[in-house]
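Sequence order for the protein chains is Z and L.
Counting in numbering that gives the first Met the number 0, the first sequence tops out at residue 117, every number present.
Counting in numbering that gives the first Met the number 0, the second sequence tops out at residue 157, every number present.
Any given hint could be a false lead.
[Stated by the list, open to error] Lysine-lysine pairs mimicking DSS-like chemistry, simulated, CA-CA at most 30 Å apart:
| id | chain 1 | residue 1 | chain 2 | residue 2 |
| --- | --- | --- | --- | --- |
| 1 | L | 9 | Z | 1 |
| 2 | Z | 5 | L | 9 |
| 3 | Z | 5 | L | 126 |
[Stated by the list, open to error] Some chain Z residues well away from chain L (every beta-carbon gap over 12 Å; in silico):
| id | residue |
| --- | --- |
| 4 | 0 |
| 5 | 43 |
| 6 | 52 |
| 7 | 53 |
| 8 | 54 |
| 9 | 57 |
| 10 | 61 |
| 11 | 71 |
| 12 | 78 |
| 13 | 89 |
| 14 | 92 |
| 15 | 93 |
| 16 | 94 |
| 17 | 96 |
| 18 | 108 |
Hint data in this document are derived by calculation from the structure and do not stem from the laboratory.
Note that the coordinates shown come from a computational prediction; the quantities given were computed from them, not determined experimentally.
Even for Gly, the Cβ is constructed at its ideal location relative to N, Cα and C.
Residues per chain are reported as follows:
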Amino acid sequence: MKESTKMLLHYVTGLGIVIVGGVHLFTVFLTGSYVQNLAFSGGQFSVIAVYRNLVLALTLELLLVFVDYHALNGIRVILIEFHQGTRWERGVAWVLAVAGILLFIYGTRTILIANALA
Amino acid sequence: MTDSLASDLKRALFGWFYPVRYNLERWAYALQRISGIAVTGYFLAHIVETGNVVGGLDVWSVPATSHAQDVWTATFQFLDNPLFDVGLVVIGFMLAYHTINGIRLTLTEFGFLQGRPARPDFPYEPKSFTKVQRALFWLSILFAVASAVYALNVFFGV
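Whole structure, please, built from the sequences with the hints as guidance.
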């Protein structure tokens with residue numbers, strides 16, 4: 000992938016995070032007491048209720064994808080500004096891509112299982 | 000010839016993250032990097048933390064709801080600690096700064112708010128960092144402080 004494409008995706012995911020991250024912070028902090036919203040169950044926006052709601056669960060999945068890309072690409076940009084060289088740049092990109100995929104798998108596992116909890 | 004990795008890292012740590020002798024744009028840059036790294040750290044911890052909603056790292060099929068609830072409740076009790084709350088206040092500051100300054104950077108990336116090229120005259124203020132960009136930078140600081148105050152109120156009920 001061209002460097003400019005990677006950076007375009009960086010800006011697009013950044014703006015995406017402003018929107019879906021806004022929804023996420025809204026359901027945690029602005030729909031009632033955050034202690035109630037972070038309890039396992041009981042409230043309208045408690046943890047399991049949010050994962051069971053398809054729209055909110057999809058919002059969390061989108062947030063996971065956006066932040067995963069944005070954060071790891073940001074680290075990549077920082078690391079290739081530190082030091083230049085083909086081996087270093089490729090190595091950094093590959094290690095971070097694998098880390099990103101592992102984070103995506105683990106986060107998606109949480110969302111899918113939480114959505115399916117009885 | 001390129002420098003060694005070690006000398007590059009040393010220069011980066013003492014150059015970039017120490018913007019004291021430079022202008023405001025350099026401060027914006029250093030803070031964007033530092034806040035990005037901090038929020039990435041929070042993101043990693045948050046993925047592990049929320050993984051406990053379904054019972055933790057070793058759960059890969061739907062567990063008994065009571066098991067998930069026990070693990071999450073224990074996690075939440077562990078995290079209910081003033082030290083973590085202070086951390087969240089800092090993360091609130093960093094995230095708010097990174098958001099508004101990131102919007103400024105996105106606008107400049109796509110060609111908005113750019114200064115016209117001009118001869119560098121005393122006091123050598125960067126022409127690229129226009130008045131609107133400066134305003135956006137201070138807005139991001141203001142929003143960051145407001146977020147930190149809001150977080151203090153939520154977690155410590157000032």
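Outcome of the hint check:
At most 30 Å may separate the alpha-carbon atoms for a hinted pair to count; residue 9/L and residue 1/Z meet this at roughly 29 Å. The suggested pairing of residue 5/Z with residue 9/L holds, with an alpha-carbon distance near 27 Å, which does not exceed 30 Å. Pair hint residue 5/Z plus residue 126/L holds up; C-alpha atoms about 28 Å apart against a cutoff of 30 Å. Annotated as non-interface, residue 0/Z keeps its C-beta farther than 12 Å from every C-beta of chain L; the closest such distance is 17 Å.
No beta-carbon of chain L is positioned within 12 Å of the beta-carbon of residue 43/Z; the least distance is around 17 Å. For residue 52/Z, the shortest C-beta to C-beta distance to chain L comes to about 14 Å, beyond the 12 Å cut-off, and the non-interface label holds. A cut-off of 12 Å between C-beta atoms confirms that residue 53/Z is not in contact with chain L; the least separation is 17 Å. Taking the minimum C-beta to C-beta distance to chain L, about 18 Å, the non-interface status of residue 54/Z holds against the 12 Å cut.
Every CB of chain L is more than 12 Å from the CB of residue 57/Z (nearest about 16 Å), matching its label as outside the interface. Its beta-carbon lying about 14 Å from the closest one in chain L, residue 61/Z satisfies the requirement of being farther than 12 Å from that chain. Interface exclusion of residue 71/Z from chain L breaks down, the closest Cβ pair being 8 Å apart, not more than 12 Å. Its beta-carbon lying about 9 Å from the closest one in chain L, residue 78/Z breaks the requirement of being farther than 12 Å from that chain.
The non-interface label for residue 89/Z is consistent with chain L: the shortest C-beta to C-beta separation is roughly 14 Å, beyond 12 Å. Separation of residue 92/Z from chain L is adequate, the least Cβ-Cβ distance of about 16 Å exceeding the 12 Å criterion. No beta-carbon of chain L comes within 12 Å of the beta-carbon of residue 93/Z; the shortest separation is about 17 Å. Listed as a non-interface residue, residue 94/Z keeps its Cβ farther than 12 Å from every Cβ of chain L; the least gap is roughly 14 Å.
Look at residue 96/Z: its CB is around 15 Å from the nearest CB on chain L, clear of 12 Å, so calling it non-interface holds up. Against chain L, the non-interface label of residue 108/Z is violated: not every CB pair exceeds 12 Å, the least being about 7 Å.
Hint compliance for this structure: hints 11, 12, 18 are broken, all remaining hints hold.
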